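Q: Could you put the whole structure together from the sequences, leaning on the hints where they help?
4 protein chains.
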Amino acid sequence: MYSFMNDYSEGAHPRILELLYKSNYEQNIGYGLDVHSEKSREYIRKLIGRQKADIHFIPGGTLTNLTVISALLRPHQCVISADTGHINVHEAGAVEATGHKVVIAASKEGKLYPEAIEAVLKYHSDEHMVLPKMVYISNSTELGTIYSKDELTRIHNVCKEKGLILFLDGARIGNALMSKYNDLTFKDIANLVDVFYIGGTKNGALLGEALVVCNDNLKEDLRYLIKQKGALMAKGFVMGIQFEALFQDDLYFRLAKHANKMAEIITGALTELGYSFYVPPCTNQLFPVVPNHVLEFLAQKFDFYIYKKIDQDSSVIRLVTSWATTQESVDRLIEALPKI
Amino acid sequence: MYSFMNDYSEGAHPRILELLYKSNYEQNIGYGLDVHSEKSREYIRKLIGRQKADIHFIPGGTLTNLTVISALLRPHQCVISADTGHINVHEAGAVEATGHKVVIAASKEGKLYPEAIEAVLKYHSDEHMVLPKMVYISNSTELGTIYSKDELTRIHNVCKEKGLILFLDGARIGNALMSKYNDLTFKDIANLVDVFYIGGTKNGALLGEALVVCNDNLKEDLRYLIKQKGALMAKGFVMGIQFEALFQDDLYFRLAKHANKMAEIITGALTELGYSFYVPPCTNQLFPVVPNHVLEFLAQKFDFYIYKKIDQDSSVIRLVTSWATTQESVDRLIEALPKI
Amino acid sequence: MYSFMNDYSEGAHPRILELLYKSNYEQNIGYGLDVHSEKSREYIRKLIGRQKADIHFIPGGTLTNLTVISALLRPHQCVISADTGHINVHEAGAVEATGHKVVIAASKEGKLYPEAIEAVLKYHSDEHMVLPKMVYISNSTELGTIYSKDELTRIHNVCKEKGLILFLDGARIGNALMSKYNDLTFKDIANLVDVFYIGGTKNGALLGEALVVCNDNLKEDLRYLIKQKGALMAKGFVMGIQFEALFQDDLYFRLAKHANKMAEIITGALTELGYSFYVPPCTNQLFPVVPNHVLEFLAQKFDFYIYKKIDQDSSVIRLVTSWATTQESVDRLIEALPKI
Amino acid sequence: MYSFMNDYSEGAHPRILELLYKSNYEQNIGYGLDVHSEKSREYIRKLIGRQKADIHFIPGGTLTNLTVISALLRPHQCVISADTGHINVHEAGAVEATGHKVVIAASKEGKLYPEAIEAVLKYHSDEHMVLPKMVYISNSTELGTIYSKDELTRIHNVCKEKGLILFLDGARIGNALMSKYNDLTFKDIANLVDVFYIGGTKNGALLGEALVVCNDNLKEDLRYLIKQKGALMAKGFVMGIQFEALFQDDLYFRLAKHANKMAEIITGALTELGYSFYVPPCTNQLFPVVPNHVLEFLAQKFDFYIYKKIDQDSSVIRLVTSWATTQESVDRLIEALPKI
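Protein chains in written order, with my numbering: chain H, 977 to 1316; chain B, 977 to 1316; chain S, 977 to 1316; chain Y, 977 to 1316.
It is worth saying that the hints were derived from the structure and are not from the lab. Quick caveat, the model's predicted, so the values are computed rather than measured. Any given hint might turn out to be false.
[Claimed, not checked] Just a few of them, taken from the derived set where beta-carbon distance is under 10 Å, the chain H residues facing chain Y:
(1) Y1200
(2) K1205
(3) Q1276
Don't be surprised by glycine CBs; every beta carbon is placed ideally from N, CA and C.
A: Written out as structure tokens, the structure is:
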């Protein structure tokens, strides 16, 4: 049984474990003030081209989302999200638990677009309703799709014009940037959004997300707010060391590239065999439409997630590859796939 | 420069790293539903003598405290804590941020006692005040002291009589149980409290606290509440594996014992040299009173925390030992200490 | 200029003012424990046929909604509402500010129905999502429509079967019960819902909603929770006296009946003149579709709310009548209406 | 049985009822945007000498406190209060329920002083603790004492120097300003604090507090935040009309003066009879120390609150007078008092 369920099934890339091992007996300062975290910050700042960015390490995505959103909004302000957004559906009401409404905007293939944001703004007309103040997007999205430079620029423009904070969830930002359809760089992203994070958990780390605050106005007292949400880890250096390993050379990108590559091979095979896709494949998450008998057959050999029923006869499944996905397992999957 | 600042300066015990390494390429189910987490749970259940206890792994102490307290209280209910309690002072208002008042009770050497709890109950007389519903204690305490079986039993009794939930913060429970003054067992604790946790971060793990829910009435839907607070880790198995390493034999206890032993040696030397202590030394946190010139002198060679000024001439400092503290560094500290 | 904007433009029915005046120099106990509040409770208990119901007086609708919902849900639980529900749209995120997600269900003419509730339950499958625990409906609805006994019974049944709390917002319950299409009684409502309120503000009182808790399991400590939300008024007797005036005879019903009667006359005239309605008129809120030139013409003489644009040429407006609407103003409105 | 329990036992001053009656059939705009509310605002602005102050009417004190504090603080910021402060003790955790810790400072006779505030600031040293950002005081205090101009100026100065918001709870501000020991004016208060409120409920209104925002930086979006807390009343004009009646001439001051006068007479008698006071009498709340047999005897004829036991033989009771307290009832109380 091989799992294409997600990209967090295995531990960490060996290079990360090695650096943890190597630095194990050093005495490091707690709470992210250590030299490894600082080195990681320097690597990331260089990469994104912003020497003044504030960078904080937080152990997981939901924790990062709820911390950022509650830190930057006043109580009556809401965050706009795609209906498919992670904060809207899959965080057990984490954002609302901090007091903020998640207001839904229309989306296409998991992506927000300016007109949808503007429609939300227009609808929220007075003090009897919440006040939209932040836009939440993810890249890659929950559907594995990615924003083009033009699309992100247009969202940036509407946010700037309307005074909205643009927050990008980058739990899978490596996969987005390494997509063959991508035309964005880390520098572009840092220029176009106010705050974003670089996901470690889903790209080869044991855990950890690197929160990057580009907008100077949003930096004040964030360590207080991270601490208050329980997100300031005593052994913050455990995350600092991992990001050091990921960014001291191009490991972060190679891992994401590998995951995408594995997905591409599967995509090629599926296409050749006549399968269609619920959304166009771009990154390491694939959403093929499969007949139910194929689904049942595959499920005997592979773990994956059933995304939704299409009709009586077929369903959309989700196949996820990762830094750890082997060529061999991909070959076995392809072998198992019948023509349709 | 050697640090006696805290017990989370180094990485993890090598045995933990080895098990992480060994299991690195396994594919594990996410969110704590994996086999390693399950094995850890079985080890812990056996140790505490409660086959039906629910056990959840959460990455840090503040996150565990805020999750447990907000999960188990209704909005108008408050938690009683010693004035020195971690939730009252050092969590940046994490508990209040979930909507609950932390009500302070008098304490002795960091410990709550039944009369102090009863005084709080008596004072809170009607619906214009919050309703006390939970008692929070830690063992060992913020001052390194420990509860005796009799003391914990008496607190248990008042909680039972008054319908209060008893929650024990065990970030340093290993040090408490391995104290030479201790007469409690893990089984006792599980019998006497409703919910507690076993700290990993401060006893040799990279991160992780094992939350143990003994009282059946408090188990419902806790995974929802852990998820909502951002505390349900995708790679939950990273914590599961570490607790497996700690509890598959007596590693957890040996590590705590070592930390206490190092502290004992320092205590002996300090005593012999004429130093007094702010509270009696029991575990791996020592609070000697030192003249200011000694403080300054020590600070050139060692890192430690200045706890409070006593008077113009002297201060209380905090020295903390850990699983990683070496005999050599202890010797160097002792050598450096002048007689007074 | 006459206003059909809403049903809270005027003060209070003179009978209410008289009773306030008459009892003005009595010394009453604070916080709703006075004899007038108690008398009101007795009148209401008799009316709804439940001697054991708990009744609390709260100054406004949003305050009642946020207090009830946050009092009865655990943090991970959400409330299901029609997309048009007041708590979803027009309370500035009041419910989310207490930590709970408002989950939207499909609705027809402002009303929820069992299949929509069941669809929400089915979708919320695990601990990564919020847990539906309460259903919020209003009667009459935001669109002035009402639930039939059969419809409410079916919602009651699905709630009972699925363990959901059924909460009915009765800000305009008088108008619902006095509708000529209504087949529900106060006793039916008390039997079918767990908790509801009887609106005073919109039916002739200066302010005040009577919160009725029918389900014994939901009564505990509500006075604490009302106090905590700032909803326990020092001079609670000011509300008690008003509800006494409304319920010591049938004043409450006569006021609602009058409002409905005025709306019926307008409905008749509009129908005769060829206007259609966005939803079928039932109570004191009418939603006629009017050509834009009529809208502009009417707006010179009358205040009303523009509900939504239908197309380039026409809009839905909202006309609201109340206990204080005069026959004369209704006549003037009808006179002003052109045929279409 | 006559009650000296509090200053909210009776309805409203007849002049207020008359204005409610007179304007009863006017059609007013909802949510505080009506002409009466606007007139009241103008009267108050003139009185406090600040034409640009924002003024909002909120139905009660706890609701005002929780709304203001949560509106103006970021999540990690706390409010400093005297240990005896209303928000700390008698609001059922209302402030904490909005997410903020109430941090206690030492007080003298119910009053905060600069050194106590500075001690709190000094103690809160880093991001592991909450960040003090607001100072909450009340005038008159919970103990009936008042701030002198010098005392308030010194608190103002420390707040200005340290960047703290100064919030004054004026539920009984009329009694403070009419005290014979007072040297503050409304203009002074408006100059020295950032935000305060003028209590109606305890000075002759049916309900209502006038929230005055002096600091321009704190005005933004307050109507959203008031709405979100359920404090924006549909019939806001009911409060507007009452404050109009109170401030169109000097009614507000006369009512407070009367209450103080009645208290003074009692104070004189008590003093002559040999009673001492727990705190020096200044306003309409008196805290005499009475032997237990006197307490029991008085309790047969009068209602009052027992504040605290002094020792085996005597207790502090609280006697409160109001705008409605009659000379006759004061005479009867004095007659009933035995010499000691």
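Q: Against the structure shown, which of the earlier numbered hints fail to hold, in ascending order?
A: When the structure is compared with the hints, only number 3 turns out to be violated.
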